[in-house]
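Starting from the known structure of chain A, fit chains B and C onto it as the hints suggest.
Residue numbers (my numbering), protein chains in the order written: chain A, 1 to 483; chain B, 1 to 175; chain C, 1 to 111.
Simulated from the structure, these hints should not be mistaken for lab results. Only a predicted model underlies this, so the values are computations on that prediction, with no experimental measurement involved. Just to be clear, a hint being listed does not mean it is correct.
Partner residues are not named here, just some residues of chain B that face chain C (Cβ under 10 Å, in silico) [stated by the list, open to error]:
(1) Ser39
(2) Phe47
(3) Leu53
(4) Val69
(5) Met75
(6) Leu103
(7) Gly104
(8) Phe153
Just so it is clear, CB atoms sit at the ideal spot from N, CA and C, and this is done for glycine as well.
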Amino acid sequence: MVAVILTGLLALTADLIWYKKSTSSVRAISLIGLLVSGALVIQQWYRPDEDVLARMVTVDRFGLAIQFILIVSCFLCLLFSDGYLKEKRIAFREFYPLALWSTAGGMLMATSKNLLVIFLGLEVLSIALYVMAGMSRSEHKSEESALKYFLLGSFASGFLLYGIAFVYGATGGLNLDEIASAWSANNLAAKNMLLFGLGLLLVGLGFKSAFVPFHQWTPDVYQGAPTNVTAFMAAVSKIAAIAALYRVLHGMLPLRDLWIPALTVIAILTMTVGNLVALTQKDVKRILGYSSIAHAGYLLVGLLAHFSNPGQIGVTTVLYYLLAYSLMTIGTLAIVSMVAKEGREETTVASFNGLWKQSPLAAGVLIIFMASMIGIPITAGFVGKFQIFVDSINANLGLLAIALAINSVISIAYYLGIAKAAFVSDEETPRVAKMNTGLSTTVAICAAGVLLIGVLFAPISQWLGNDLNETPVMAMNAGQATK
Amino acid sequence: MNLEMIQSFTPAHFLFLALAGIAAATAVGVVAFNDPVRSALCLVGNFFTLAFLYFTLNAELLGITQVVVYTGAIMVLFLFVLMLLNLGGVKMMKEKFDVKRVLGFGFGALLLYVIGAQVILPLNTITTAKAANDFGGPEMIGRALFTTYVWPFEVASILLLIGVVGSIMLAKRKV
Amino acid sequence: MIPLYWYLGLGLLMFTVGAVGVVVRRNPIVIFMCIELMLNAVNLTFLAFARYQPTPLPIGGLPDSWMSGQMMVIFVMAVAAAEVAVGLGIIMAIFRLRDNVDIDEMNLLKG
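The shape of chain A in the complex, shown without the other chains (with noise of 0.2 Å):
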């Protein structure tokens, strides 16, 4: 029921501002389309877990929370992008409509234990993506991102499919809960099915959440598409790619004993690989590209320890996690879309020399945010990562445990460098735009919500994941977060 209406109410948005002259419109009516959608969501929270519109629609927990989080992620991303897209001379309306119903497509992958419905959303939110990618039609660095993320893209929903065909001639339906019963059904060629489907399956969703053999495509389409469709693809498509893979695991719960060490070198690979080559990157948004590929790599680890005892550990870490990781991506987006001024973009670490000058509030948060990707005490990127680690040893998964923490230290190098360009200020004049309205507020709800929800940890997770039939775990968490 809940997608039903947001999703309808996003459409409509869309349709009413159709016509309209002024962009401010356009934007009020989406950020207010937003809130509402927001406010349903939360409304819903108590509602119990139940499969709704012919078992298309699956109201619980976890599928509430990642919607919150992507109406979030996408009111933030439009906060900011009328600026930009002004100073980048890109004069497109339509990019509003086109996000709000991305963000929609993330939803439905994200409430839905159908595959059927998990497909269609994906392209519903990657073919949105595809065209805000190409937005900015005088620059080929725009062009040639969209036209690889497109192809690669389509390649992967390909892939996808035949893993949703083979599912399919397993169990005779579309339903992952079905998975289960196909399984303990003992029918060897109904198994070997299953098995390649989802093989398949996880390739498909691997390039859609940039797991290391298929991350290719990540960085260049990172540095080429606009800053704000960067902030909006690094936060929406990755917690939306996330949930699906979520429900798709979940689905296979029986046949964990196979993926769990597949997944395991996957998450050990994507970690390192994503930080080792950040290291080596000079431009701040392919920087950021690989950073988001080591974020997924932690997100994986989270996923792990809680489908390896799938009873203790919660997925509330996961959900935690993306929260942070979404605003901090965001926010030092935000900031990186400082560097477009009348309609050039440089986005090199150097282009940052001087925003200490042009603006002390943007320098400042850019530290905070900095500070949390990293992982320093009091931001949530800290508590979020620290809980995956926890969650990671109580799973008996030491090895990702080391790694994790190994690669935090490694990502030190390159975040730092990022913080440290921002106050070298060998020119006289600043290559940076000035501040406006709507960045301004985007970084400074970033910045207070990294710090806030690094504090308020305890409280969060509970509300977050208190009828997760989890609950004594939690609150030992908590319990270890506040000593």
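Relative to the frame of chain A, chains B and C by itself:
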């Protein structure tokens, strides 16, 4: 495949083999032809043959949809863009031999072997269709599409709207 | 009747040819055609499964099961249509900028 097996074939088997032969050949043609227009025409042939294969599976409505949507709409769009951009003639790209190609074929062989041997061959005992003969008729599909699947159906409308908005946004002249 | 695995084999062959084509070819339009080929292979697989129903007993009952396969095919077609519109739009936009759409010559994005 021995002689006895071939003797037990009905005309339906030969029809399938003929159609499958055409489908496979045109599929290879799409990849093998250097000229994109030829590739596109091969793809048209492939989609058209697939429609007949859908008929042999009793999925009549989907067979018709296949002709209308794929061969009729999608491929025309492809050819239109090819002609518009004049990619066929002078600007034909030279395909060169490189590492990517070796990798690609290796990957293909792996896929073919793993799925073929492990997944598809174990199913060789299944020769009877369980679905009702009219399972692909318009009535059945309409009923399912507008009852159980009405929610995805609505989502698909949004998806097509995105397609419309997106392509206008990408292709219109400077604003 | 025609054995199920013939259909699946044809589907697999088409899928593989498409996937190899995506890796090997350099013209984005041809790559895109190969992706369409993959989607059609998937559709054939879905329909074959829907008709033959290889599982002993599908949970939702037989009619439910055979319908869901066909529904999937319908939605794949819808997705393909939207994808084609957007994809060819992107290719057009890129062609206007540079008169050349060789995928190997796209190298602005490097680190």
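Hints and how they fare:
no.: 1; hint: Ser39; verdict: holds, 5 Å
no.: 2; hint: Phe47; verdict: holds, 6 Å
no.: 3; hint: Leu53; verdict: holds, 6 Å
no.: 4; hint: Val69; verdict: holds, 5 Å
no.: 5; hint: Met75; verdict: holds, 9 Å
no.: 6; hint: Leu103; verdict: holds, 7 Å
no.: 7; hint: Gly104; verdict: holds, 3 Å
no.: 8; hint: Phe153; verdict: holds, 8 Å
The structure shown violates none of the earlier numbered hints.
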